[in-house]
Amino acid sequence: MRKVIFLIIAVSFLVSCGRRVEPELVQAGPASTGTAVAQLVTYPRFGDSDPYDWERRKPTSYPIHGIDVSRWQGDINWRQARSAGVSFAYIKATEGGDVADPKFDRYWRASRQAGVPRGAYHYFYFCRPAAQQARWFIKHVPREANALPHVLDMEWTPHSPTCTKRPDGAHIRREATLFLSMLEAHYGRRPVIYTTVDFYQDTGISRLSGTEFWLRSVAGHPAQVYPGASWNFWQYSGTGRVPGVEGDVDVNVFRGSPESWLQWSGQSLQ
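Sequential numbering of the sequence shown, starting at 430, is according to the working numbering.
Any given hint might turn out to be false.
In silico DSBU-like cross-links for lysine-lysine, where the CA-CA straight-line distance does not exceed 35 Å [to be verified]:
id	residue 1	residue 2
1	Lys568	Lys594
2	Lys532	Lys568
3	Lys487	Lys532
4	Lys568	Lys487
Label-pair restraints from in silico Cβ distances [unchecked claim]:
id	residue 1	residue 2	range
5	Arg564	Ser490	35 to 43 Å
6	Glu484	Gly544	29 to 37 Å
7	Ala614	Thr489	33 to 41 Å
8	Glu484	Leu607	34 to 42 Å
Simulated from the structure, these hints should not be mistaken for laboratory data. Where a beta carbon is used, it is the ideal one built from N, C-alpha and C, also for glycine.
Make the full structure from the sequences, and use the hints.
Given below as structure tokens:
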């Protein structure tokens, strides 16, 4: 009860000062944070080769940060990245129905050995059926109880050398639903959808019920760029500089407290 009263007072104070309070992703959990929270590196300050001057809430105000990677990141020192504040990683596994990232297996094993929670993502190809793509992903990504929920990356592909199709929103939502359902049946947890501003606006992808979203917005807080949208992850830069990773890398935040992160990611609170 004391914590509830304190929270009400804190929110009231912020409102009275004229500041808009951004809603957080909050999940109920044990009152005691325990050693699991103490082991997290929170509020990291990563570099950026092309920094943005944030007008509203900054990414650095969120405690939990992570990266998403593919073959282009080369060799990664996962232990160094974890020590610097990488709390999670999403690793590209597959694309379409016949492309597998050659670095996936190495990243998958090395990140686990370093203690970095990770999941895999699939880059959707609009010229192949969703069912075929889901089977391709399942073929390459092992079923592990401690893996993060996997991700379906859906965005327009105007520069693709083989497929620039732009199906209508209804078709895309049907395909996404099928893909998500097949992975949920196999891995036991519904995947997250990653998407971009134009795709989100053009397709009505947000209408999918029971789906969590990872939104890209490198020039404005999601509250500005995706008004009213619900999201779990925010990709705030594609030019981040993170210890352990050579060159630029995508960096992200989780929308929530360290406690809610541990619960969402399936890590134990002790």
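Quick rundown of the hints versus the structure:
no. : hint                           : result
1   : Lys568 with Lys594             : holds, 25 Å
2   : Lys532 with Lys568             : holds, 16 Å
3   : Lys487 with Lys532             : holds, 32 Å
4   : Lys568 with Lys487             : violated, 39 Å
5   : Arg564 with Ser490: 35 to 43 Å : holds, 41 Å
6   : Glu484 with Gly544: 29 to 37 Å : holds, 36 Å
7   : Ala614 with Thr489: 33 to 41 Å : holds, 38 Å
8   : Glu484 with Leu607: 34 to 42 Å : holds, 39 Å
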